[in-house]
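Visitor: Protein sequences, first through last, are from chains Y and F.
The first sequence stops at residue 533 when you use our numbering, and every number in between is there.
The second sequence stops at residue 533 when you use our numbering, and every number in between is there.
A hint or two may mislead.
Restraint-style ranges between C-beta atoms, simulated for each label pair [unchecked claim]:
1. Y:E432 <-> F:E432: 28 to 36 angstroms
2. F:D366 <-> Y:S406: 40 to 48 angstroms
3. F:D454 <-> Y:D429: 44 to 52 angstroms
4. Y:H348 <-> F:I424: 47 to 55 angstroms
5. F:T299 <-> Y:E302: 38 to 46 angstroms
6. F:E376 <-> Y:E438: 42 to 50 angstroms
7. Y:I323 <-> F:R404: 41 to 49 angstroms
8. Y:D429 <-> F:E432: 47 to 55 angstroms
9. Y:H480 <-> F:P301: 36 to 44 angstroms
10. F:P301 <-> Y:A340: 17 to 25 angstroms
11. Y:R355 <-> F:S400: 51 to 59 angstroms
12. F:R419 <-> Y:H348: 17 to 25 angstroms
Hint data in this document are derived by calculation from the structure and do not stem from the laboratory.
A virtual CB, placed ideally from N, CA and C, is assigned to each residue, including glycine.
Number of protein chains: 2
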Amino acid sequence: MTAQRDELNAVSDTADQRVVPGTERTIPEATVARLAIYLRALTGLAERGIGTVSSDSLATAAGVNSAKLRKDLSHLGSYGVRGVGYDVALLTDQIRSTLGLNENRAVALIGLGHLGQALAGYAGFASRGFRISALIDADPAMVGDRLRGLIIQHVDALEQVVRSENIAIAVIAVPVNAAQDVCDRLVAAGVTSILNFAPTVLNVPSHVDVRKVDLAAELQILSFHDNRKGARQDFAPASVARVGAVGSRLTTTDSMVAAT
Amino acid sequence: MTAQRDELNAVSDTADQRVVPGTERTIPEATVARLAIYLRALTGLAERGIGTVSSDSLATAAGVNSAKLRKDLSHLGSYGVRGVGYDVALLTDQIRSTLGLNENRAVALIGLGHLGQALAGYAGFASRGFRISALIDADPAMVGDRLRGLIIQHVDALEQVVRSENIAIAVIAVPVNAAQDVCDRLVAAGVTSILNFAPTVLNVPSHVDVRKVDLAAELQILSFHDNRKGARQDFAPASVARVGAVGSRLTTTDSMVAAT
DNA sequence: TCGATTTTGTGAATGCCTTCACAAGGGCGT
DNA sequence: ACGCCCTTGTGAAGGCATTCACAAAATCGA
Chain Y
274 MTAQRDELNA
284 VSDTADQRVV
294 PGTERTIPEA
304 TVARLAIYLR
314 ALTGLAERGI
324 GTVSSDSLAT
334 AAGVNSAKLR
344 KDLSHLGSYG
354 VRGVGYDVAL
364 LTDQIRSTLG
374 LNENRAVALI
384 GLGHLGQALA
394 GYAGFASRGF
404 RISALIDADP
414 AMVGDRLRGL
424 IIQHVDALEQ
434 VVRSENIAIA
444 VIAVPVNAAQ
454 DVCDRLVAAG
464 VTSILNFAPT
474 VLNVPSHVDV
484 RKVDLAAELQ
494 ILSFHDNRKG
504 ARQDFAPASV
514 ARVGAVGSRL
524 TTTDSMVAAT
Chain F
274 MTAQRDELNA
284 VSDTADQRVV
294 PGTERTIPEA
304 TVARLAIYLR
314 ALTGLAERGI
324 GTVSSDSLAT
334 AAGVNSAKLR
344 KDLSHLGSYG
354 VRGVGYDVAL
364 LTDQIRSTLG
374 LNENRAVALI
384 GLGHLGQALA
394 GYAGFASRGF
404 RISALIDADP
414 AMVGDRLRGL
424 IIQHVDALEQ
434 VVRSENIAIA
444 VIAVPVNAAQ
454 DVCDRLVAAG
464 VTSILNFAPT
474 VLNVPSHVDV
484 RKVDLAAELQ
494 ILSFHDNRKG
504 ARQDFAPASV
514 ARVGAVGSRL
524 TTTDSMVAAT
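Construct all of the structure, not just a fragment, from the sequences and the given hints.
Guide: Here it is in structure tokens:
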């Protein structure tokens, strides 16, 4: 899955990438997912005035091991300096560029229930490369209201809004039974990337990427492991940390559905 | 510093398959993550009165291919009937049991900002095996208020609440700079599974599981793929003029400030 | 009873990711 | 200049996960 065989990707802006002919730098999906984490860690370092960082400490800050970090960075042809480490500012630029975050990306948010409103107000979007540029809901009572500086539009105007703002990324936070319909309309209007919070599988054509966040599923996965723990070492209240076999798992939301 | 529990798993890694008496099997992590999806799909089928389902149609409903589904189910020793399919009710039970969802699990929710309040009201938790049994926030103005039938408690009482309700699973929805502290206290109070919405890496001892949901990271991953698509040729559907050039440099340069 | 048909369960093959381990490169002190 | 030490970058190895493909059930109709 994960369709998208990528070919040429010009757009190298900051540092010149050695664009070796025939070397289509294909970056593993798992690596891409971690780049976002590295970026976050780098931002933290920069704020603390740290200008250079070793793979070891960056890896620790990002919660991975250093071999993995180095392998990941090697995929984007990054420039570390042996014996020294990585330049924080340079690496930040490299990753931002790789992720396509160099100018803020316009995002549409559909559905302004509790979750939608929380997302609308989430500062992390703005600070990390995204600008919510359209708020859409189906409730007539909400339409016209102003939220975070934007006017809420009716879902009837969805296509028009998406087209006029040239939006490629949308966030779906509508009730589960409306999700597929909204999705279809977004896709028809030209959206190519969707972040889905509705607990349902969305059907999309193969050129559209869908990522999902299923909150209850996350808890269920935790529940599974918790269940196991309870069964294995019979209890042991928070006193001693049995550091034996299983390491703590640190996992991310997964799933990249690329459609049929 | 910042010890990383990942440790070099020099110790037996594959050898920790301690099969406890009973039906303990080892289930791949990737499979566990999908079980939650299957469960959701099964619930949908049951609601439509469907009593039996083939691996093929269940797979379609869950957005995976049927071979993967069957392999997954084989790990939990499920009983499908050859030539017929799976009994929806039976399979539902099997998965619920595997995930440890047989009785509702108590969950504590820490942080009642916009996101926290949205989570508190999320019906999907209750309907899928979880009961939020404690709401905690640091804002004195909120403490004592009633939200969704629960009284908001002050974070000072965190340990006491967690212990008295015997809570093993917690959801962290506090600002990023408070997250590690809250995490430490939860762990000390006996919590063994954490779902983290704060955009930071949490440090925990090895017996604790952390899953994280990083909303901005999800968008960034989409951004990466979208970037790749745009760089290719436009295969613009119908009329939509997907601006070929990535140009349009408005350079909003709003730097990065820590989210919260 | 038997053969046709359907669909599961699973070894085997393949491919992706992670981890290992070390040579190559670069700075720094003397 | 010259070693010494540090850290990167990366082949190679090893583990998981996915997919393939087919034999083994199980039902049904005649």
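Visitor: Is the gap between the beta carbons of E376 (chain F) and E438 (chain Y) within 42 to 50 angstroms?
Guide: Given range 42 to 50 angstroms: holds, Cβ gap about 48 angstroms.
Visitor: Range hint 47 to 55 angstroms: satisfied by the CB atoms of H348 (chain Y) and I424 (chain F)?
Guide: Distance hint for H348 (chain Y), I424 (chain F) holds at roughly 50 angstroms.
Visitor: May I ask you to test the hint 40 to 48 angstroms on the CB atoms belonging to D366 (chain F) and S406 (chain Y)?
Guide: At roughly 46 angstroms between Cβ atoms, S406 (chain Y) and D366 (chain F) fall inside 40 to 48 angstroms, so the hint holds.
Visitor: So does R355 (chain Y) sit 51 to 59 angstroms from S400 (chain F), Cβ to Cβ?
Guide: holds, 54 angstroms
Visitor: Verify the CB-CB distance for P301 (chain F) and A340 (chain Y) against the hinted window 17 to 25 angstroms.
Guide: This hint holds: roughly 23 angstroms between Cβ atoms.
Visitor: Does 38 to 46 angstroms hold as the CB distance between T299 (chain F) and E302 (chain Y), or does it fail?
Guide: Hint violated: Cβ distance 25 angstroms, outside 38 to 46 angstroms.
Visitor: If I claimed the Cβ atoms of H480 (chain Y) and P301 (chain F) lie 36 to 44 angstroms apart, would that claim hold in this structure?
Guide: Violated - the Cβ-Cβ distance for H480 (chain Y) and P301 (chain F), about 30 angstroms, lies outside 36 to 44 angstroms.
Visitor: Would you say the C-beta atoms of I323 (chain Y) and R404 (chain F) sit inside 41 to 49 angstroms of each other?
Guide: Check passed, 43 angstroms falls within 41 to 49 angstroms.
Visitor: Regarding R419 (chain F) and H348 (chain Y), is the given constraint of 17 to 25 angstroms on their beta-carbon distance met?
Guide: At roughly 51 angstroms between Cβ atoms, H348 (chain Y) and R419 (chain F) fall outside 17 to 25 angstroms, so the hint is violated.
Visitor: Evaluate the given range 28 to 36 angstroms for the C-beta pair formed by E432 (chain Y) and E432 (chain F).
Guide: Violated, since E432 (chain Y) and E432 (chain F) (Cβ atoms, about 52 angstroms apart) do not stay within the stated range.
Visitor: Using the C-beta atoms of D429 (chain Y) and E432 (chain F), is the stated range 47 to 55 angstroms upheld?
Guide: holds, 51 angstroms
Visitor: Just tell me: holds or violated, for the beta carbon distance of D454 (chain F) and D429 (chain Y) against 44 to 52 angstroms?
Guide: Given a distance of about 46 angstroms, which is inside 44 to 52 angstroms, the answer is holds.
In terms of the numbered hints stated before, the structure departs from hints 1, 5, 9, 12, listed from lowest to highest.
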